[in-house]
Amino acid sequence: MKSQLRVMVAAAALCLLPVSVYAQQGVTSDEILIGSFGSLSGPSAFVGLPGRDGTNLAVKEINAAGGVNGRKIRLIFEDDGNSPTRALAAAKKLVEQDKVFALFSIGGSNPTSGTLAYVKEKGVVMYVSFASAPGVTFPFDKHLFRGGTTESARYGELYAEFMVDYLKAKKIALISGRDEYAKNEADYVTRQLKDSFGTAPVARADFNPGDKDFTPQLLQIKGANPDVIAILGYPAEAIIILRQARELGLDQRFFVGATMVEESVAKNAGAAAEGITGFTLLPLLPTSQDPGMVAWLAKWKKEYPNAPAGRPNLFDVLGYNDMYVFAQGLRNAGPSPTTDSLIAGLEQIKDYRVGPTANPITFTDKYHIGNLRLQPKIVKNGAWENVDWESKRESAILQRYK
Amino acid sequence: MTVTIALQLLFSGLSIGAVYALVALAIVIPYKASGVLNFGQGEVVTLGAYIALVFTQWGVDYWLVLLGTLVVSALFGLIFERVAIRPIVRAPEFTIVIATFAVGLIIRGAIRLYWEDNEYSLSSPFNMPPLNLGGVRLNANFIWILVCTAFVSGSSALFFKYTRFGKAMRAVSQNRAAARLMGIVVEHVYMTAWAISTAIGAVAGLLMAPVTGINPEIGNILLKAIVGAVIGGFTSLSGALVGGLVVGVIETFSGVFIGGTFKHIAPFVVLIVVLLVRPYGFFGRAQVRRV
Amino acid sequence: MLVIVLAALAVVPFFLTSYWVYLTNLFLINAIVAVGLNILTGNAGQISLCQSSFMAIGAYTTAVLSARYGLPYWLTLPAAMAVAGGTGALLGYPARRLSDIYLALATFGFLEIFQVVIEEFSDLTGGVRGISIGRPSLFGVTLKSDLSLYCLVLAAAVIMIWVASNLMRSRFGRAFNAVRQSPYAAQALGISIGRVKLITFALSAVFAAVGGSLMAVVVGFIDPLEFNVIASLRQITFIVVGGLGSIAGSVIGALVLTALPELLRGVKEYVGIIYAIILLGFLLFMPGGLITIWAIIRDRIWRKPVKIEGANRAASLD
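Protein chains in written order, with my numbering: chain A, 1 to 402; chain B, 1 to 291; chain C, 1 to 318.
It is worth saying that the hints were derived from the structure and are not from the lab. A quick note: this is a predicted structure, and the numbers were derived from the prediction, not measured. Honestly, I wouldn't trust all of these hints.
Computed Cβ-Cβ distance ranges for the label pairs, DEER-style [what the hints assert, rightly or not]: (1) C:R169 x B:Y162: 57 to 67 Å; (2) B:Q174 x C:G194: 29 to 39 Å; (3) B:S123 x C:R135: 51 to 61 Å.
Computed footprint of chain C on chain B, listed as stretches where at least three residues anywhere in the stretch have a Cβ under 8 Å from a Cβ of chain C [as the list claims (entries may be wrong)]: (4) 15-21; (5) 217-231.
Which stretches of chain B does chain C cover? Using the computed rule of at least three CB atoms under 8 Å from a CB of chain C, they are [said to hold, decoys possible]: (6) 109-115; (7) 263-273.
All C-beta atoms, glycine included, are put in the ideal place defined by N, C-alpha and C.
Hey, can you work out the whole structure from these sequences and the hints?
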């Protein structure tokens, strides 16, 4: 009788065990549930869909190698349609309905910004892969991490320094898109030119994404007679701008922003693309012949054999790289991960990268900006090559956290 | 602002305007014939570009691509009219406007499903360096666009003025009941009008593609084209042509004088001004009431 | 019936998670905007594609006044309504001579221009980068909890719908309908068509602004893309699917179509197409909207002849 009672008590205790030991939401004995949101539909899907594919590839590999501390990672994706309203709905659903452990954002700046207040209030860790909105990392909140993409301000710092230092430009003209990302880049470049170099762009024109003709803007720029023309926008417009510029007799050197350093620009702009310089977020472009990238590409193609032209792109690679960083943070968090142990685990990461396709990521307990590096490149014979140039200035961004 | 620069801007404005003019023409023709304003016409343009893309990817020569695009899109126009337009021809304006808008969205969504948002490019046989005429550089593609637009407008004008079918279409647009009494099969007129309209729209897409690239959003050109149609008066074909060209020129010149921001809204400001001052445009007559 | 619905809505925040409360807030906001648009389009028969611009006016007025000038919410809301109403009247005045397609085009032009205005004054509005709004404060009390925010939204929705309902029952409502059904007869009766168009424009703008202002505090972050032509089309879909001319219809339409993208989360890539197909389907096959189904059900169950303003007039939407 007494032994029966003991058995029953023991059985009851065992039943309660999963609840008491694994009280952390989203973590079970064999699984860690992570919620992710991004633009899976609409005009911005060229960011979210590759982001999803790259992240999924990483998760698949990690799980095949045994997972994280014996648990497999499971990702749930939600579409935010590039809308802050829907991104917030997605975040709430993931945290409250699906009960995820943490969030991994592959969304744009505005949608991600829409979720920040909620994430901070709920005390959930969110790792941001693509969004460059300053609000993610400043003011500092221990729950938010920014990985592969870098701060808007950093683009400005590096672009300005490169144009002045490497391209030896005294007179710079900017032509930028009127959307959030391009405008940010242009504003920060202008600010950096003023703060660090005491100059200002001699001309600043803007265009609408989707514009097909840039004759007015280019003629305006031609009149200002710059040394270097910086295009800040997207590949589609850059290709047209480059071609039209040459046709209109503008033979200055061109500099392009990070989103335009990709194969389509080098190839489709014809001779006009030769010699243009730009920065990229990745040490290697997806089209690079470097053995490290070739190997990665083979893996990706095996997983996604029917992908359309232009894939994999920057976001495939970034998503893949960042998921590995995140997984490393999870690993560091130990056998019983909680929000706080994940934060500590991520903050332990110093110069970590999954392979040659990634930039090293570093987090500290004072700032959660993982990457401040951009790789300068130049087009030679229709393909992008690395430029040997490093920034000589310390980033002013980190000063804010001292 | 030297003469050279002004001429350069004029050339560029006219070339852009030519595409607007084509699309405006494609809108006005079915409006004249059946009273339906096709808010989905932008997607017809996009469809034309993608049809051309498919043909090109099959390795077909440019001229055959042009022909193929014309044929396929005309067929599409016939089907579209029969299936989507015929049921709503008599419906109130509101229904027509929103219904065609919805069809456009469906087409755009379908394109996006298959081709996603990738940028495709189409090369044309005119990728030679621009012609230099006294300092003004004439892009070969732009010249081709102007030539095509002139050809299409010219042949449309001849068609409507001199052929039997053209006259039948004009009769239907003036008084449907009377036309029917005269033995004109109104349904055939509708179908032809729509087939012509989609063919023109698709050609606009094909012409645009080497300049702008191919992606699901290029149909947004409809907005500017409609401004052109309004300026020209919705009931006039020559008005649509001139209106489209005017919009292109205004857009380009305002880009220089006022700046990139206003370049984008200039057509809409013009639209509102024209609507308030001369709602029937500069070429149209008072709105023909459908019988 | 109404009591049941209100009671259900009242207990929502006590039983459901923050996610569902948030969705219900969005539904209520959409209902307010839809009811406003319905007055303009369903009742007075004016096609407007710039409803989302009025919503933007409401949202940005609240955002700018609270984020940049620190005004409390109970001041920003009336300000939003006033600015939007004024703009609506300003738009309605010259637009009163336009009809149908020309009106649609003019409102579309206004929408595009307004988008650019938001983006240009980026120091004030945040431009394309968007702007953050904190929790609203009402008479010194900050509404921090989900519950308090929900109460605000629910109260606003109930009030606006009540206003609309009374309006449509008054002689104003009848005048609006007259303008749509038979402009000539209306004029013969001494109703000034131009004045009706002006008033309905201003009214629908005020409704939209209330919705926009609430949206700013419910979501906490807005950017110009939220108020583009697709948003306007979505609102038109609410009233078409629900039933043109019927207030209850607009609310139902808002409910169904707010819930739809959430329910369709499994088929994300198809949501846009499905929306458009639904819109088209209703336009072609059920122009009376969902409210006609409801009318049929009520008729069968209670065997009372049902008087639903919108249902019978779909056929006469001429």
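So, going through the hints one by one against the coordinates:
no. : hint                        : result
1   : C:R169 x B:Y162: 57 to 67 Å : 59 Å, holds
2   : B:Q174 x C:G194: 29 to 39 Å : 30 Å, holds
3   : B:S123 x C:R135: 51 to 61 Å : 55 Å, holds
4   : 15-21                       : violated (count 0)
5   : 217-231                     : holds (count 4)
6   : 109-115                     : holds (count 4)
7   : 263-273                     : holds (count 6)
Hint 4 from the list above is the single one not met by this structure.
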